[in-house]
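J.: Residue numbers (our numbering), protein chains in the order written: chain U, 1 to 299; chain B, 1 to 225.
Source of the hints: derived by calculation from the structure; they are not laboratory data.
Quantities reported herein were computed from a predicted structural model and do not represent experimental measurements.
Be aware that one or more of the hints could be misleading.
Among chain B residues calculated to face chain U with C-beta under 8 Å, some are [as the list claims (entries may be wrong)]: (1) 15; (2) 36; (3) 43; (4) 59; (5) 61.
Every residue gets a Cβ at the ideal spot worked out from N, C-alpha and C, and that includes glycine.
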Amino acid sequence: MSGFEVLRSGMLSLYVDEGRFGYGDIGITQSGPADRYAARQANRLLGNPPRATLIEVNMGGLTLRATTATTIALTGGTAIVKINGRRKPLWHTYTIAPNDTIEIGMITQGLRIYLAATGGFDAPGYLGSTSVSLRDHLGHMIEGGDHLRCSPAKPFPLPRSLPSHLIPTYDSEITLRYVRGTQAEMLGQDLEAQFTDTPWKVTNATDRMGCRLEGTPLAHTYEILSEPIAYGTIQLPRDGQPIVLLNERQTIGGYPKLGAVIPSDAWKLAQARPGTIVHFRKVSVEEARMIEERLQMLW
Amino acid sequence: MRSEIAAVDALLLRFGEAIDPAVSDHILALYRALKSAEITGFIEIIPAYTTLYIQFDPRRYTHEAVASIMQEYEARIDRESAVAPRTLTIPVYYDTEVGWDLEQVADAHDLGIEEIIALHSGRTYRVYMIGFMPGFGYMGEVDDRIATPRLATPRADIPARSVAIANTQCAIYPMVSPGGWNILGRTPLELFDPSLKGFSLLRPGDQVTFEPIDRERFLELGGEL
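Use the sequences and the hints to build the structure in full.
T.: Written as structure tokens, this is what we have:
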């Protein structure tokens, strides 16, 4: 079998592709990489199709031994990453020979690192996607002793790395742009203004499902009937502490919504460690579409 | 129909403000028509009580374009014979052995357990929407005579396939889950499994009836105690 042997799985390492789409009506979450930007760039560095399966390493701690020759790409948060004991920078491709070891240390900036291999990993698929969904109990969570299968590939003649202006920094203070949502009007202008004028802080309650923020509460008394929710949705429970919903969000939710963080920015929150300061900036739908189009042009 | 911005790539259509079977009929007819049309660039189509959500490919559509497609379909479902809802009969073993709240629900309404079973299985329910977890259908309406609020303290582990009610809503838990609904019985049927056709036994818009079965039949059908 060609691929990689898992010596240590780390805290939480998962197969991801772009996500599981079209089953929201039967309650299936979309899942996929929490940081779509870093995942896309990892596949792109290798010339893989965007849907190719890669590994999302949450918090770090993954150690692999190669059983094949291939080229890999590493992107995402900051950690000490070693190949055969030698430190290597991320956002870069590396040719791998059988028996090479790849060690990803604990992530100190950001929360997630992506490891892609040429041609993608051959992972079990469920409902058209290999993405693990912890919430829906779909897909395979990587464990020590697993063998991650991928086809042998000719080494790249030259290593590739991402131009520095395209490498994000996972800062301790971030600004997220959002489009105004369905209940913003009902919640009122004062509350909306307070939402954009005050800083928010990422709490410990942050995972692949969503991110709970804390700050001066925007308490209200509105209740709504449950309705479907989009990626990046900013929910406001009655305690006035917003929750931004990410990849493994529930498909339907019953809290009023201020809007939705645009996909080009939502990944920043998936890499935001507890304590990160978050600012929100409202943009028009037209502006949001332009930002999305610019990002699409990168791929 | 009012269209609202849900995200840069998603539209939420609103058809009413309260749970209403007539509103739901309209939403579900529209949902079925859109699903069967398999429109390129419509990524998710999710119905709920009073809303229908469309996630679309923003490279193909604007919110306005999606809204006008929806208006076309709205006119079409009124004109043409809509895609009919499916009807399902789900066997349920109603007994205190698996229906942990049967007695309490009966006591709360001053009824016998037999009457609770008769009232619960004596009508057809509509699947308004699926959410909370894969395959968890929100069904209604439960007869007012047995409607019971959620438990004050939710249970940590409701067994898979438990049939339960909360106020006038009814549902079946597809997998073990925490929950606060009142458990009346258990079905032997699998609710959600990637090997099921369509993956979920229930789909939005289905018409569901419950058929009481005894312990022996429950076990024969593969029911687990």
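J.: Are the hints correct? Go through all of them and say.
T.: Comparing the hints with the structure gives:
no. : hint : verdict
1   : 15   : violated (11 Å)
2   : 36   : violated (13 Å)
3   : 43   : holds (5 Å)
4   : 59   : holds (7 Å)
5   : 61   : violated (11 Å)
In the structure shown, a violation is registered for the earlier hints numbered 1, 2, 5, in ascending order.
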